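Engineer: Going by the numbering used here, the sequence shown opens with residue 1435, and the numbers climb by one from there.
Simulated from the structure, these hints should not be mistaken for laboratory data.
What you are looking at is a predicted structure, and each value in this text was computed from that prediction instead of being measured.
In silico BS3-like pairs for lysine-lysine, Cα to Cα no more than 25 angstroms straight-line:
(1) K1543 to K1466
(2) K1844 to K1905
(3) K1565 to K1504
(4) K1698 to K1789
(5) K1757 to K1744
(6) K1723 to K1698
(7) K1920 to K1844
(8) K1664 to K1644
(9) K1565 to K1919
(10) K1565 to K1915
(11) K1565 to K1453
(12) K1493 to K1472
(13) K1664 to K1698
(14) K1657 to K1698
FRET-style restraints, in silico, Cβ to Cβ:
(15) T1721 to G1593: 52 to 60 angstroms
(16) E1685 to F1524: 17 to 25 angstroms
(17) S1848 to Q1874: 24 to 32 angstroms
(18) A1716 to E1685: 20 to 28 angstroms
(19) E1484 to E1725: 45 to 53 angstroms
Backbone N, C-alpha and C fix where the C-beta goes; we use that ideal spot for every residue, glycine too.
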Amino acid sequence: MNSDIKSLEPQELWQNFAKLNAVPRASKKEEKVIAFMKAFGEKLGLETFEDEVGNVIIKKPATSGMEDRKTIVMQSHLDMVHQKNNDTQFNFDTQGIEMFVDGDWVRAKGTTLGADNGLGVATIMAILESKDIPHPAIEALFTIDEETGMTGAMGLKGGLLNGEILLNLDTEEDDEIGVGCAGGVDVTATRTYQVEETTQDQIGFEINVKGLQGGHSGMDIHKGLGNANKIMNRLLFDGFENFGLRISEIEGGSLRNAIPRESKALVAIDSIHEDAFIMEMAQLSQTIKTELRTMEPQLDILVSKTEVPKLVMDLGVQEGFTKAVYAACNGVYRMSADIPGLVETSNNMAKVLVKDGELKIECLTRSSVESSKWDLANSLRSSFEMTGCDVAFSGDYPGWTPNMDSPILKVLESLYIEMNGEKPHVAACHAGLECGILGQNYPEMDMISFGPNIRGAHSPDERAQISSTQKFWEFVKEILKNIPKK
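Assemble the whole structure, with the sequences as input and the hints as a guide.
Structural biologist: Here you go:
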């Protein structure tokens, strides 16, 4: 399958993407891909080094005749989101991504593809190893851990880079030029609880919510996609209200930056309610499917009888927990008043775990306005603390404030119009890009973000458009030729 990818045009880009995707590269497990990238730079005979947090920097001199141009930083992140379908057998720690061509798209077999941000990395690799592409002096910056904390960008010290312009290759619409992004903060609620033993007159059920699309918790948060954790809580809340349902275990979602696609719960009810409970769950499931039928046609809710669990959550804690999850904001909190169509502030209730006397709720709150980010974070904190949870904020990172007077923006706009006969969409995005963080230690650096069409990022439906990647490649080469003089 991957051999078909290597024959796609532009071959120099796709071949490097295939090589990169053969290397396991989960966030916070980047040792193999760091070694891979260092070996790549050293084999080319280029100055290559790893900084103290694991970022890899490779420097390449300007080609002949381009020495008088400003030095540029080409930047992408090495890590990728690891998600797979439940029925896919795959070990992300040891296996490379299995890719295939589907018409005008490249996909992965049951897993995330890694086009986010592997296509950006592969593009920079192709430029670094090129011998006939004109370009100014390049500092290639490959950051780590973008997807789960941006610790690579946060740990990059000032003074390591001399570039005046940064080209971030992490945008997912080929007609868009990014000039700003949201900041974010992780909100985590935890508490312990007493367990109670089930009785002989109780029976067990397993509830499964699956078949949701999932997606990027920034770029896709406004689409009305289903959130498996919120759907599951709705079922549990109803079951408790009407039949005294008791929760034993919940496992929902996986990563903070991925809209949760699946959730599983183990519960107990009194046996006398069996028929009525099954009927109620079927009716409520159909109601939810009807509400989401346009965006989530594959949603499936299964309620099946199983062995009665031995232990369930303390009744008072359960009531407070389900109400807190119901009350907590998920999705869009506020739209931007300044940029039409831009989500300003949102929350993704990413992960819910209940088992063995411990519960944990993990959220990712995003906003392009710092005060609004903390307003929503404190709203979530209040909901969870009222049910006795301890709430911690972590992984806070700043947004990237748009600069509509950016000189490099004017270069990209002009080139895009010349090459495509239409204006690009200049926009800020609701995803978290590393530009805002990098700008803290490099405040004078002129930054811009762009990339090829990628759909379904952070989900097993992730796919990269072949024709768009060709368009993007030609755009990159033209940008390099038109970098302003010093």
